[in-house]
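Novice: Chains as they are written, first to last, in our numbering: chain H, 1 to 260; chain F, 1 to 260; chain X, 1 to 260.
Mixed in with the good hints, there may be bad ones.
If chains are identical, the list can't say which one is meant, so a pair holds when it fits in one copy or spans any two.
Unchecked claim - Heads up, simulated DSS-like pairs for lysine-lysine below, C-alpha to C-alpha not over 30 angstroms straight-line:
#1 K103 with K147
#2 K250 with K223
#3 K116 with K196
#4 K116 with K62
#5 K196 with K115
#6 K62 with K115
#7 K153 with K107
Worth flagging that the hints you see were computed from the coordinates, not collected in a lab.
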Amino acid sequence: MHIVTLTTDFGTADWFVGTMKGVILSIAPRAKIVDITHEIPGGDIRAGAFALAASYRFFPRKAIHIAVVDPGVGSRRTAIAVQTADYFFIGPDNGVLSLALAKERIKSIHRLTNKKFFLQPVRQTFHGRDVFAPVAAHLSEGVALRKFGPEQKYFTRLDWSGPRQNRGTIQGEVVYIDRFGNAITNITGELLAQLKPSSLRVFVQQKRLCPVKDFYQAVPVGKAVGVIGSSGFLEIAVNGGSAAQEFSLKIGDAVAVRKK
Amino acid sequence: MHIVTLTTDFGTADWFVGTMKGVILSIAPRAKIVDITHEIPGGDIRAGAFALAASYRFFPRKAIHIAVVDPGVGSRRTAIAVQTADYFFIGPDNGVLSLALAKERIKSIHRLTNKKFFLQPVRQTFHGRDVFAPVAAHLSEGVALRKFGPEQKYFTRLDWSGPRQNRGTIQGEVVYIDRFGNAITNITGELLAQLKPSSLRVFVQQKRLCPVKDFYQAVPVGKAVGVIGSSGFLEIAVNGGSAAQEFSLKIGDAVAVRKK
Amino acid sequence: MHIVTLTTDFGTADWFVGTMKGVILSIAPRAKIVDITHEIPGGDIRAGAFALAASYRFFPRKAIHIAVVDPGVGSRRTAIAVQTADYFFIGPDNGVLSLALAKERIKSIHRLTNKKFFLQPVRQTFHGRDVFAPVAAHLSEGVALRKFGPEQKYFTRLDWSGPRQNRGTIQGEVVYIDRFGNAITNITGELLAQLKPSSLRVFVQQKRLCPVKDFYQAVPVGKAVGVIGSSGFLEIAVNGGSAAQEFSLKIGDAVAVRKK
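For reference, chain H alone in the conformation it holds in the complex (with noise of 0.2 angstroms):
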């Protein structure tokens, strides 16, 4: 199996990812390349990093996670290539790859150095392409990860305030809003397990807005719900509309969790 993911914030309109498949499958012709996102809002290390943690263990085993926000390309920030006892991932060391690995135990953490590996000449403002797809090529046809660079200890983490519990009360934030316009907290669904989910309700910047569910049509067509979604956060919903749209959710609002 030679599976490598791509989770980045370069769209779809230009050759960007094409080119990088290109320099991936002339190193590794039999790697299987796999979208995640393009779409990640550009620059956006944060909403990458939740992508990437979302869906990378939906994998099988071995495979390379690409993950390549990166606005900091060409300047000081470093490269690295981790494994992890069931995973590889690659990317700039810019809190990207931190709640994957975050979840996972850590095998070893390679800075990516050697030029040999890169695509030459590099070009100072694609790195996914002249770096990170010919490692992970390189990766997927067997090349040790000691090979592409020095082993460093740590890995740069998001400042991402996990929710915190307080008598019977939850609090965490909107961290990302999907395509249907569902708000998905940090808070984990074994949180609320912990409480009795089907008396919760759920607060928005202090207001009351809905029960947590099963599934979106728990509700009638146009309510609001709280339903732990696909990722295992909870999620806030409209059945049948926009949850972000109807109430103005964004990234950053504080929501809780608490008996009604």
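Chain H is fixed; fit chains F and X onto it per the hints.
Specialist: Below, chains F and X without anything else, positioned relative to chain H:
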């Protein structure tokens, strides 16, 4: 051959489609996954059904077509897998498969109830990933259709009125607007061929609009033309422009074709 | 290796690209199909030509590149397949292949006339699916180029004026705006290297705009910078912003580079 196609309203901005592919490849590493489209308007079962019906037959025999436009996900609607003479179809039994199935010789229809073939735990908001993707993958690996659940004899059809012919006039409606602004009708090329295409005129909402020609550039730039489009249906186009915009065409508009 | 790439203006909202892939895989099951982009603005041959020229050489040798930006589909424009020293190119002979071909050593050009290799019946509105896709598939399966139709000696070129150099000033124009709002010019890095990049300034429509640097973050956030972009051309960018928006840059704008 292990082709699995995807027709959904999930968009490509988030990671939803990527995780479906990860799930499929985890079970069926040799699967070849092809996107038909993920830009069906959210919850628009009719548009999803049309896109699938317009495309499925261009794939090799035995291809497995997944279509997920599923506003009722998690509620009581059932999920089905259908074998026809040439293909397999998997999706919610809400009509999204029905236009394609209406053109095929059906061999058997099975309800998807056997949780053994689902991704666990099944999220009630994302059967695309947790039910349809793993079932398609197991099917492509050779699991027999009857293993997925009990047979049923029917499938849900859309309320889709075919075109009517009456004394030299064919009446139908606009059923899809494509990215170029072409308004695709439900009037088939076969039906038109019974009249004499070269002398026909297209009327929209009772107003004479344009002649029927063989290709877009058979009329001057900026002019309207009716052509039998690539899906085999009459479509109204503007050479070098958008018919939908120019004439404010929308889905459901009455279209008639008769001699000038 | 059976790589087939696709560069089109078909968009991804409809099923057009999906059916091209179905047709290719029906003939050439082992083909590996890679999307370069499908978001070329409708009918913009120049943008399609630039996208192809910027990307084709990152693919393995013998890759088959299909480019379909084809406003004249169904009319008299001819269709061609071209073999160069390293690649194959297939598309309408309307200039969309020409920027890439201009960089390659051409071995032979054949008109596509042999209907035996087309999908029947050929729809006059969708040669992407009915002509270019099956021809590419047969080519990848080993059919010789001359089987597709008679040889011709020329291909249609775009009216594309290369940059001019005159006493220390290089003059060119904006030829593409990418998703980040970077304005890509037709001034090559090789040309710039003949002057002394570190002391150069970029002028747009006679106004001094920015210095030339190695990467975007070499200037403060919000500031403009000229860099040799990933395609090898000078591009005008704003660190963390959109140069196209900030300076109302558009395709065709005159760009000059000279010492401060």
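Novice: Against the earlier hints, flag every one the structure doesn't satisfy and list their numbers going up.
Specialist: Result: no hint breaks.
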